[in-house]
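Next come the chains, spelled out residue by residue.
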Amino acid sequence: MTPILQAINVRKAYAAHVALDDVSLDIPERSIFGLLGPNGAGKTSLIRIITQITAADEGEIRVRGQKLHPGHIADIGYLPEERGLYKKMKVGEQLLYLARLRGLSRPDATQRIKGWLERLDLKPWAEKNVEDLSKGMQQKVQFVATVLHEPSIIILDEPFSGFDPINANLIKDEILALRDKGATIIFSTHRMESVEELCDNIALINRSHKVLDGSVRDIKNTFRSQTYEVEGRGRLMVTHPDFEVLEHKDRENGHFYDVIRLHAGTSPNDLLRYLIGNVEVHAFRELIPSINDIFIRRVQETMPESLLETTPA
Amino acid sequence: MDKIWLIVQREYLTRVRKKSFLIMSLLAPLLLAGSMVGIAMLSSSSKTDVVAVRDESGQQMLTRLAATEDLKFVPATGNSLAAATEAFRKDKARQDALLYFPPNFTLDSAAGVQLLANGNVSLKRQNAIRKAVNKTVGDLKLSRSGLNQSTIDNLKANVELSAVDLTQEGGRKNNVGATTGAAYLLSILVYMFIFIYGVQVMRGVSEEKSNRIMEVMLSSVKPFQLMMGKILGIAAVVFTQFALWAVLSWGLTSIAAPLLTDSARKSPPVAAAAGVQEAAAARETPAADAPATASATAAPAADSSPLAFLDGLPIASIIGGFLFFFLGGYLLYSSLFAAIGAAVDDQTDAQQFMFPVTVPLILSYIVSINVIINGDPNGPLAFWLSMVPLTSPIAMVMRLPFGVPMWQLLLSGVILVAGFIFTTWLAARIYRVGVLMYGKKITYGELSKWMFYKG
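Which chain is which? The protein sequence lines are P and G, in order. Each residue of the first sequence is one higher than the one before, starting from 1 at the first, in full-length UniProt numbering. Each residue of the second sequence is one higher than the one before, starting from 1 at the first, in full-length UniProt numbering.
Nothing false has been slipped in among the hints.
Here are the computed lysine-lysine pairs in the DSS-like style, where the Cα-Cα straight-line distance is at most 30 Å:
1. P:K135 - G:K222
2. G:K3 - P:K128
3. P:K135 - P:K87
4. P:K67 - G:K222
5. G:K19 - P:K123
6. G:K124 - G:K156
7. G:K3 - P:K87
8. P:K123 - G:K18
9. P:K128 - G:K18
10. P:K220 - P:K181
11. P:K114 - P:K88
12. G:K3 - P:K88
13. G:K222 - P:K128
14. P:K88 - G:K19
15. G:K18 - P:K90
16. G:K19 - P:K128
17. G:K3 - P:K135
18. G:K3 - P:K114
19. P:K220 - P:K172
20. P:K67 - G:K3
21. P:K87 - G:K222
22. G:K18 - P:K114
23. G:K3 - P:K90
24. G:K441 - P:K87
25. G:K19 - P:K114
26. G:K18 - P:K135
27. P:K181 - P:K135
28. P:K128 - P:K172
29. P:K90 - G:K222
30. P:K135 - G:K441
31. P:K88 - G:K222
32. P:K88 - G:K441
33. G:K72 - G:K135
34. P:K87 - G:K19
35. G:K18 - P:K88
36. P:K114 - G:K222
Hints listed in this document are in silico derivations from the structure and should not be mistaken for laboratory results.
Please put together the full structure from these sequences, using the hints given.
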């Protein structure tokens, strides 16, 4: 199946620096794709190329195998990190205006706006000026504006910033519902917990290069380090040819907590068998690195030495 | 294209629905009509000046100075200059100035004559008194050389100039006052509106930028569409305003005209205020010094039609030319204003970039007045001012009432169109980069780099 969105060797340079260098991505249809990277890595540049705000210097973007063209604008919804609406415009009018700019007819737009405003409890505010709304409500309005024309590709830049937990959950549910209805969601964020919770695939961009991509499960697998956490009672031998104890803590009443890394060729079951023979096991868990850990590790790995030295720890 | 249309609609409707637009539309014609009535009142109530005369020369100037419509000469009280001055100071309600002829004043050495007044004497009054004295002294000299009064009166030339414009069909009578007035009015309208609404375009753009709505907008429309939509939407606002003003002013002058023409019959120069143009003309040409204006405008005013003052003006080419050159000039300047709005982060930074845009606008107005109205409306300098696209919107509109050859209108029009295509192109390139550029101090060098950025 062709990915719904492909970036092929995209390069974008500004006068002073290269924002994107040879970046290629495949984003499968009906998935939630996390675009990660530290500030200034080039995420926004990539998004602006996809949304046709700017153009790539080299390489190209394909939507369903087709080279990006102005007709695709109606099929993409974009929520920028820098939120903004016309302050002196009424909520309903503003949504209608933005929807019609994306090619929706007036009656269609009016009907959908009604539905969305009801769903997000914004109905009483439809005739109010945007400046009279709270920040959270403005964010909701902007989210509605992004998805109103039912695009098949939805790009959300830090969608949860500015929301309280209740509204963040509301938006999260809407995002999942959109995915289930067939939309592909591209998610640019620093909030790693939401990445692990929502994303099927991720790509990590650092210093204008793509440094990592794939499905969240695969990436976590590659970053597994055969490390296990063991809790139990008894005395554990500290040195063994098959594994290595990285961390050992004695607790009261002969309880212990250990972090153990297996040597190559040893399976977790081998360790478990050994443990059962020697101690009373209360807990045995694999230590899987979080996306956050992976993110920090990769970013530091791809950082030039000179920068690492000057960065205070 | 329909996206530009949507943007035009939004820009237009949000502005037209504002209270300030309504107030401006209603108040401006009222103010205009009010000031016209005010001017008419003031000029009709112009009283006769009373001048006290203290003559120590023994030339019997007091009896010889003939009273005119505006001036009346009375003997000064007291028997010395000091006494007369003192009396004049105390009695300023009845006398407007004190004219003093020193003992050494003779017909041949007419020096040392003084005009004393409380505060400054207006140029108009000073001119009138000087004229009266000159005429008296001249007449005295003539009669001393043996001519009697009737011969002197006969010798006086009394020529009235009636200007005829041969470029008009049938050599229609030229209406100098109306022409000059129209030139002033039209050019100041163009100047004001380009300025006011150009700045509105700039504000609108920088508001969108500081609202951070740019990125949302640009993911659905091209920067050029967004910029042109705004410029054209505001242009539509201007034309709506013009139309409202035209209708309201016409209505108001229709009501006010009978009042004005009534007073016009009593004192001819006031007829100049019967129309907007004349009001402007009257301010510029003191009635006493412009008998031609007064007589030329008095005639049409007698028709008691509010539009009679337009007689003798090439109306069609004035209206057509005004609308075209206003629109062209507005498009040219407002795209530059849009570029400024896009380049800077907030209004205060805009000042330094506004300077090079506003200077040609202001200069073209000031220079055009001197070259065209006070100089030769068809001279070479006037020609070039009305060809260069930065100055032509104002200069050409100023020349319109004087009559401009068709080939010049067309040439200037073509150059103006080329000019605004160039500035919109230039502005679009700055705009495109500028609207998404935040927190960067912009310099002219930076701006010139933006023009060469790729898509």
